[in-house]
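Trainee: Construct the entire structure; sequences and hints are all you get.
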Amino acid sequence: MGERISISPAATLLNPSCNRCSLSNLCLPLAVNQQDMERLEDVVQQGRTVDKGSHIFKQHEPFKSCYAVRSGAIKTYMVSEEGDEQITGFYLPGEIIGLDSMNAETYSCCAKALDRTSVCEIPFDKLEDLATRLPSLQHHFFQLMSKEIQESHQLSMLLSKNTAEERIASLLLSLSSRFKRRKLSPTRFRLPMARNDIGNYLGLAVETVSRVITRFQKLGLIDVQGRDISLKNFEGLQEIIKPISRCSNE
Amino acid sequence: MQSTAEYDGLKKWTSSPGPLDSLELWQSLLREAPSLIMQRERIPAEVSFKSALSSLTDEPIALALEFPFSRLPACYHPAQPMAQQAVRNYLDSLFAEMKLVCDCLKQPLTLSHLFWLGDPVAWLSKAELTEVMYRTSRCFKINGANLSYAVVDMEKPLVEEGLYALLRGLGFTHLLLDTKEWQLAANAPESQMLQQYWSHLGLQPITTEQFQLQGLPAPAANDSVENGHAGNNIPDRMLGLGAGAWSLLGRHMAHNASQLDLYYQRIAEDRLPVSETGVWKK
Numbered sequence: 001m002g003e004r005i006s007i008s009p010a011a012t013l014l015n016p017s018c019n020r021c022s023l024s025n026l027c028l029p030l031a032v033n034q035q036d037m038e039r040l041e042d043v044v045q046q047g048r049t050v051d052k053g054s055h056i057f058k059q060h061e062p063f064k065s066c067y068a069v070r071s072g073a074i075k076t077y078m079v080s081e082e083g084d085e086q087i088t089g090f091y092l093p094g095e096i097i098g099l100d101s102m103n104a105e106t107y108s109c110c111a112k113a114l115d116r117t118s119v120c121e122i123p124f125d126k127l128e129d130l131a132t133r134l135p136s137l138q139h140h141f142f143q144l145m146s147k148e149i150q151e152s153h154q155l156s157m158l159l160s161k162n163t164a165e166e167r168i169a170s171l172l173l174s175l176s177s178r179f180k181r182r183k184l185s186p187t188r189f190r191l192p193m194a195r196n197d198i199g200n201y202l203g204l205a206v207e208t209v210s211r212v213i214t215r216f217q218k219l220g221l222i223d224v225q226g227r228d229i230s231l232k233n234f235e236g237l238q239e240i241i242k243p244i245s246r247c248s249n250e
Numbered sequence: 001m002q003s004t005a006e007y008d009g010l011k012k013w014t015s016s017p018g019p020l021d022s023l024e025l026w027q028s029l030l031r032e033a034p035s036l037i038m039q040r041e042r043i044p045a046e047v048s049f050k051s052a053l054s055s056l057t058d059e060p061i062a063l064a065l066e067f068p069f070s071r072l073p074a075c076y077h078p079a080q081p082m083a084q085q086a087v088r089n090y091l092d093s094l095f096a097e098m099k100l101v102c103d104c105l106k107q108p109l110t111l112s113h114l115f116w117l118g119d120p121v122a123w124l125s126k127a128e129l130t131e132v133m134y135r136t137s138r139c140f141k142i143n144g145a146n147l148s149y150a151v152v153d154m155e156k157p158l159v160e161e162g163l164y165a166l167l168r169g170l171g172f173t174h175l176l177l178d179t180k181e182w183q184l185a186a187n188a189p190e191s192q193m194l195q196q197y198w199s200h201l202g203l204q205p206i207t208t209e210q211f212q213l214q215g216l217p218a219p220a221a222n223d224s225v226e227n228g229h230a231g232n233n234i235p236d237r238m239l240g241l242g243a244g245a246w247s248l249l250g251r252h253m254a255h256n257a258s259q260l261d262l263y264y265q266r267i268a269e270d271r272l273p274v275s276e277t278g279v280w281k282k
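These protein sequences, in sequence, are chains A and B.
Residues 1 to 250 (this note's numbering) make up the first sequence, in order.
Residues 1 to 282 (this note's numbering) make up the second sequence, in order.
Don't take each hint at face value.
What the hints assert, rightly or not - As a list, the in silico DMTMM-like pairs of lysine to aspartate or glutamate whose alpha-carbon atoms are at most 20 angstroms apart:
hint	chain 1	residue 1	chain 2	residue 2
1	B	Lys50	B	Asp236
2	A	Lys161	A	Glu239
3	B	Lys106	B	Asp236
4	A	Lys147	B	Asp103
5	A	Lys64	A	Glu128
6	B	Lys141	A	Asp100
7	A	Lys58	A	Asp129
8	A	Lys218	A	Glu235
9	A	Lys126	A	Glu151
10	A	Lys161	B	Glu160
11	B	Lys99	A	Glu128
12	B	Lys141	A	Glu128
13	A	Lys180	A	Asp129
14	B	Lys50	B	Asp103
15	A	Lys52	A	Asp129
16	A	Lys58	A	Asp84
17	B	Lys99	A	Asp129
18	B	Lys141	B	Glu160
19	A	Lys161	B	Glu190
20	A	Lys126	A	Asp197
21	B	Lys141	A	Asp125
22	B	Lys106	B	Glu160
23	A	Lys58	A	Glu82
24	B	Lys99	A	Asp125
25	A	Lys147	B	Asp261
26	A	Lys126	A	Asp42
27	A	Lys58	A	Asp197
28	B	Lys141	A	Glu105
29	A	Lys58	A	Asp42
30	B	Lys106	B	Glu59
31	A	Lys64	A	Glu105
32	A	Lys126	A	Glu41
33	A	Lys218	A	Glu166
The hints are simulated quantities; they were obtained by calculation from the structure and are not laboratory data.
Mentor: Listed below in structure tokens is the structure:
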């Protein structure tokens with residue numbers, strides 16, 4: 001079992017700053033002007049590292065902070081009473097975890113690092129206080145929340161009625177758009193998660209995931225080398241997803 | 001000397017399909033007679049209402065939020081900055097009223113029923129819809145087990161699938177479809193989209209008796225507000241927030257200021273915007 005995140009000065013990046021962060025156009029600083037950046041930086045605890053397999057937070061622990069992914073990747077999952085794990089999301093740099101727990105007193109899921117990961121901790125009470133004084137931050141905050149809530153339920157819809165091919169195509173296209181948002185290649189990227197995690201997330205057996213990926217490869221839609229993916233026929237993948245079941249890919 | 005006032009709310013409901021307000025809603029849910037007579041009390045309205053709020057025990061309560069944007073002159077042109085500012089001003093005042101009400105309560109109350117009236121989905125952005133639910137959850141206890149019936153009033157079909165997902169994610173269980181804009185062809189994309197969310201995620205449409213829903217499978221016979229189908233066990237404590245909103249707390253009634261200027265003025269003075277209270281009699 002991985003250890004929880006520990007706050008070690010030695011692990012802190014040298015002089016991290018929201019102002020200088022390469023993800024500032026995706027994360028909270030997007031909504032803050034230069035004059036207010038210092039106030040945001042007083043709230044955000046930047047640059048804490050988490051080892052692969054370690055938890056950032058666990059289900060039912062008291063909620064106190066959201067976390068922005070600075071590097072690496074994180075998966076969130078819920079644990080049933082029977083001990084079964086159900087993955088609920090994957091988070092890449094520039095994205096924020098914990099938003100779905102803000103209305104509750106405890107975290108609704110666990111968050112675990114898929115790789116050596118760096119996160120910025122955002123204590124919620126301080127963020128809420130600052131947001132009341134910065135309307136643009138408050139609006140951005142609720143935009144992030146609404147996006148999280150919407151995508152979670154769009155996924156539920158996807159899982160309830162779509163084929164394995166549609167689910168995997170949706171995931172690949174979603175990852176593509178998220179890499180594109182970070183100014184990275186939308187057609188060549190490395191999957192941050194293993195195939196069994198993909199299967200768990202999409203409600204598919206790992207054999208089904210492998211079968212579909214192989215089929216996509218044979219159709220010339222993608223090229224796969226381990227976890228490295230090349231999307232060869234973007235439009236072909238989009239054709240697989242029916243318009244009414246398309247997940248938010250913006 | 002007490003005075004009386006007569007409110008023929010349900011007659012308006014049946015004769016003209018305008019937006020549903022909280023008085024009509026509570027009357028429909030309680031299945032009361034069309035007219036009701038309110039005996040005004042001798043003590044000031046705000047004092048009376050505060051007293052009623054502070055005596056509430058921690059039993060479940062129904063909450064209705066009024067969004068009167070379609071009646072605001074500033075909102076006649078929805079895309080204009082003036083309309084967007086008017087919406088924002090109203091939301092800020094609504095949240096302030098929410099806090100004022102909750103400050104009067106002995107403890108946060110548990111919501112069993114939630115209603116958003118005035119077609120807020122047409123006026124609010126996704127971020128604002130999320131903010132309203134978030135602020136509500138900070139003032140009241142909302143959890144899935146207790147909140148069995150959460151209804152949002154919608155006048156037109158949605159064209160964006162993501163909004164249905166957001167509404168379901170915010171906790172809504174029902175969509176109140178109360179205009180003829182919902183007369184859809186069976187194979188219309190809007191109809192198919194709603195049906196998918198209805199059957200797969202449980203976002204269920206309910207209608208009024210004024211028209212038969214076309215283009216969608218008929219809701220169950222008791223799925224109408226007039227039939228009192230607001231889930232089961234509608235409590236006798238019904239709180240209305242917003243300009244012109246009505247609250248029924250047992251036999252005690254309260255009516256918020258309908259004029260927006262007066263509503264805003266009261267909020268700005270940190271006062272409850274209630275303009276009249278009374279005892280409800282049939």
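Trainee: It remains to establish, for every hint, whether it holds in the given structure.
Mentor: Hints, verified against the model:
{"no.": "1", "hint": "B:Lys50 with B:Asp236", "verdict": "holds, 18 angstroms"}
{"no.": "2", "hint": "A:Lys161 with A:Glu239", "verdict": "holds, 17 angstroms"}
{"no.": "3", "hint": "B:Lys106 with B:Asp236", "verdict": "holds, 18 angstroms"}
{"no.": "4", "hint": "A:Lys147 with B:Asp103", "verdict": "violated, 31 angstroms"}
{"no.": "5", "hint": "A:Lys64 with A:Glu128", "verdict": "holds, 11 angstroms"}
{"no.": "6", "hint": "B:Lys141 with A:Asp100", "verdict": "holds, 16 angstroms"}
{"no.": "7", "hint": "A:Lys58 with A:Asp129", "verdict": "violated, 25 angstroms"}
{"no.": "8", "hint": "A:Lys218 with A:Glu235", "verdict": "holds, 16 angstroms"}
{"no.": "9", "hint": "A:Lys126 with A:Glu151", "verdict": "violated, 26 angstroms"}
{"no.": "10", "hint": "A:Lys161 with B:Glu160", "verdict": "holds, 19 angstroms"}
{"no.": "11", "hint": "B:Lys99 with A:Glu128", "verdict": "holds, 16 angstroms"}
{"no.": "12", "hint": "B:Lys141 with A:Glu128", "verdict": "holds, 19 angstroms"}
{"no.": "13", "hint": "A:Lys180 with A:Asp129", "verdict": "violated, 32 angstroms"}
{"no.": "14", "hint": "B:Lys50 with B:Asp103", "verdict": "holds, 10 angstroms"}
{"no.": "15", "hint": "A:Lys52 with A:Asp129", "verdict": "violated, 33 angstroms"}
{"no.": "16", "hint": "A:Lys58 with A:Asp84", "verdict": "holds, 15 angstroms"}
{"no.": "17", "hint": "B:Lys99 with A:Asp129", "verdict": "holds, 16 angstroms"}
{"no.": "18", "hint": "B:Lys141 with B:Glu160", "verdict": "violated, 30 angstroms"}
{"no.": "19", "hint": "A:Lys161 with B:Glu190", "verdict": "holds, 18 angstroms"}
{"no.": "20", "hint": "A:Lys126 with A:Asp197", "verdict": "violated, 34 angstroms"}
{"no.": "21", "hint": "B:Lys141 with A:Asp125", "verdict": "holds, 19 angstroms"}
{"no.": "22", "hint": "B:Lys106 with B:Glu160", "verdict": "violated, 41 angstroms"}
{"no.": "23", "hint": "A:Lys58 with A:Glu82", "verdict": "holds, 16 angstroms"}
{"no.": "24", "hint": "B:Lys99 with A:Asp125", "verdict": "holds, 18 angstroms"}
{"no.": "25", "hint": "A:Lys147 with B:Asp261", "verdict": "violated, 34 angstroms"}
{"no.": "26", "hint": "A:Lys126 with A:Asp42", "verdict": "holds, 9 angstroms"}
{"no.": "27", "hint": "A:Lys58 with A:Asp197", "verdict": "holds, 18 angstroms"}
{"no.": "28", "hint": "B:Lys141 with A:Glu105", "verdict": "holds, 11 angstroms"}
{"no.": "29", "hint": "A:Lys58 with A:Asp42", "verdict": "violated, 26 angstroms"}
{"no.": "30", "hint": "B:Lys106 with B:Glu59", "verdict": "holds, 12 angstroms"}
{"no.": "31", "hint": "A:Lys64 with A:Glu105", "verdict": "holds, 8 angstroms"}
{"no.": "32", "hint": "A:Lys126 with A:Glu41", "verdict": "holds, 11 angstroms"}
{"no.": "33", "hint": "A:Lys218 with A:Glu166", "verdict": "holds, 16 angstroms"}
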